[in-house]
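Q: In order, the protein sequence lines correspond to chains A and U. Residues in the first sequence are numbered from 1 upward in steps of one, following the numbering used here. Residues in the second sequence are numbered from 1001 upward in steps of one, following the numbering used here.
Any given hint could be a false lead.
Once the Cα atoms are required to be at most 27 Å apart in a straight line, the calculated DSS-like pairs of lysine-lysine come out as [claimed, not checked]:
{"no.": "1", "chain 1": "U", "residue 1": "Lys-1120", "chain 2": "A", "residue 2": "Lys-255"}
{"no.": "2", "chain 1": "U", "residue 1": "Lys-1200", "chain 2": "U", "residue 2": "Lys-1210"}
{"no.": "3", "chain 1": "U", "residue 1": "Lys-1068", "chain 2": "U", "residue 2": "Lys-1038"}
{"no.": "4", "chain 1": "A", "residue 1": "Lys-229", "chain 2": "A", "residue 2": "Lys-53"}
{"no.": "5", "chain 1": "U", "residue 1": "Lys-1120", "chain 2": "U", "residue 2": "Lys-1200"}
{"no.": "6", "chain 1": "U", "residue 1": "Lys-1200", "chain 2": "A", "residue 2": "Lys-255"}
Derived by calculation from the structure, the hints in this document are not laboratory data.
Listed here are the chains, written in short residue letters.
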Amino acid sequence: MRRFSLFNAVSLTLGFAFLYLPIVLLVIYSFNAGRSVAVWGGWSTQWYGSVFKNGQLLDAAWITLQVGFLSASVATVLGTMAAIALARHGSFVGRTVFSGMVYAPLVMPEVITGLSMLLLFVSINVDRGFWTIVLAHITFTMCFVAVVVQSRLASFDRSIEEAALDLGCTPFMTFFRITLPLILPAVISGWLLAFTLSLDDFVIASFTTGPGATTLPMKIYSDVRLGVKPEINAVCSMMIAVVTVIVIISSIMTKRQEVERERAERMAATTP
Amino acid sequence: MTSPTKNRPPSNKRWIVTAIPYVWMLFFFLVPFFIVLKISFSSSMIAQPPYVPVFDPFGDAWSETLEKLGTLTTDNYLRLVQDSIYVSSYLSSLWIAGSSTVMMLFLAYPIAYGMARAPKSWRATLVMLIILPFWTSFLIRVYAWISILSEEGLLNTLLTSFGLIDEPIQILSTNTAVYIGILYSYLPFMVLPLYSALEKMDDSLIEAAKDLGCTNIQAFWRVTFPLSIPGIIAGCFLVFIPAVGEFVIPDLLGGSETVMIGKTMWEEFFNNRDWPAASGVAIVLLVVLMIPIIIFQTSQARQQEAGR
Chain A
1 MRRFSLFNAV SLTLGFAFLY LPIVLLVIYS FNAGRSVAVW GGWSTQWYGS
51 VFKNGQLLDA AWITLQVGFL SASVATVLGT MAAIALARHG SFVGRTVFSG
101 MVYAPLVMPE VITGLSMLLL FVSINVDRGF WTIVLAHITF TMCFVAVVVQ
151 SRLASFDRSI EEAALDLGCT PFMTFFRITL PLILPAVISG WLLAFTLSLD
201 DFVIASFTTG PGATTLPMKI YSDVRLGVKP EINAVCSMMI AVVTVIVIIS
251 SIMTKRQEVE RERAERMAAT TP
Chain U
1001 MTSPTKNRPP SNKRWIVTAI PYVWMLFFFL VPFFIVLKIS FSSSMIAQPP
1051 YVPVFDPFGD AWSETLEKLG TLTTDNYLRL VQDSIYVSSY LSSLWIAGSS
1101 TVMMLFLAYP IAYGMARAPK SWRATLVMLI ILPFWTSFLI RVYAWISILS
1151 EEGLLNTLLT SFGLIDEPIQ ILSTNTAVYI GILYSYLPFM VLPLYSALEK
1201 MDDSLIEAAK DLGCTNIQAF WRVTFPLSIP GIIAGCFLVF IPAVGEFVIP
1251 DLLGGSETVM IGKTMWEEFF NNRDWPAASG VAIVLLVVLM IPIIIFQTSQ
1301 ARQQEAGR
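Please model the complete structure; the sequences and the hints are all you need to start from.
A: Following this line, the structure appears as structure tokens:
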């Protein structure tokens, strides 16, 4: 049996304290009545009020949500296709190049991705702004979707798909009736991951944006350069809240699917 | 019964599923690198776009294209070698990323080990708690450290009130802050691969080692550690490669002593508007990172193949 020792407990506690303390402090100081982010001046929600009166921040937030929604949706479709190509289509011409292109953006420094996208848009003479950010976000987030969906595709029984094909389903029908329902939780997690990555991205958006399209991270960055303010803490706390809800939903979904799968397996085992 | 005509072998239109993402990635990911490569051989100019030559595949006659090809120069690369700011940026980025990767390993291993040994019912929650900060914006996590590390910040206030220091020490705007930022931001990238390697491990191996006379520490070094090496390799690449090109952390937490290549490139591009120079910096960075990226990709692809 595994023994959970004192050493394990201490390292977990310290590790999670290191991970969460800065975020917790940031949230606490967003409720500070004073202007300082280090001296406590009593509880107040005034900074949240001033966020909702700040037109620039609200505009940026609205643009960010639109970019996130559009890019995550397209990226999910493309990423799922890429995952199917990698997991199901065996070897095809250019497979190595393709898998390289899917894995590279996961580790590529963002400054390189951002610069290369911008230079593409400039050389094909596209007006930069909202849509160029969307295109750039689709491209880098679809790779994350592909990895998430591919790992799900790799773990389920292919004989169900083969059975459907044998029984006369077209590959198209097989996908929508058999494969998609089975991988749906991974597809949804992929969408949520793409959405939050887009919401959070600062570097790639800064390169590919044009006049009039300022996303929330870009606005936060330019405010941070002018100094720390409790108002920024309030915006950040709200973003953290949104992301936390998303992560909890996606983990509950994964958990529920696991439970269902286990039950189905038990039923299959007990049915004669 | 379905009609027999439907019972045909699957192959007909499958290529479309591959072709659409393939073409997308070729156009938006691979082609841009060749454009960066081309612009890195151009000259900077005050114009729109701010570089020459500009090729026009439809408007240019052959002779014009040839003439323009003649104006491509290697000046940007010569400058990268001659100007010490670039060489020192590359070296210091590699050094900062490399040493923080090693520090990260020492920080992340005990956490991943603790997670793998925790009761099974806790593990899903622990993994979620590790992933959660990764979903939160990089910018926000870096911002959180500014108010902790600044001169009037929480850390200095705390240390002074306990009488540990007499006057505030400067941490923000130094390389120490950059290290803290990298360790903090990339921690999940190291913990998760380590955890998945350690979690898969068969406990009976440890039992066997102990039965054969190993102490706990010997069993760890002879059994647990070697089996976690794939996780260590994956984690190191996931931290090292993006950290080399990091921009947000050195920009917000570092000071004038911090020279990192991502920041140098950013300034070249946004402050000096020298696109060809920025492209040259990006191409050299890519060449420097090519070997670790290829090793990372092949190991990932191999793992995926093994998982099938």
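Q: Provide an ascending list of the numbers of those earlier hints which the structure does not satisfy.
A: none
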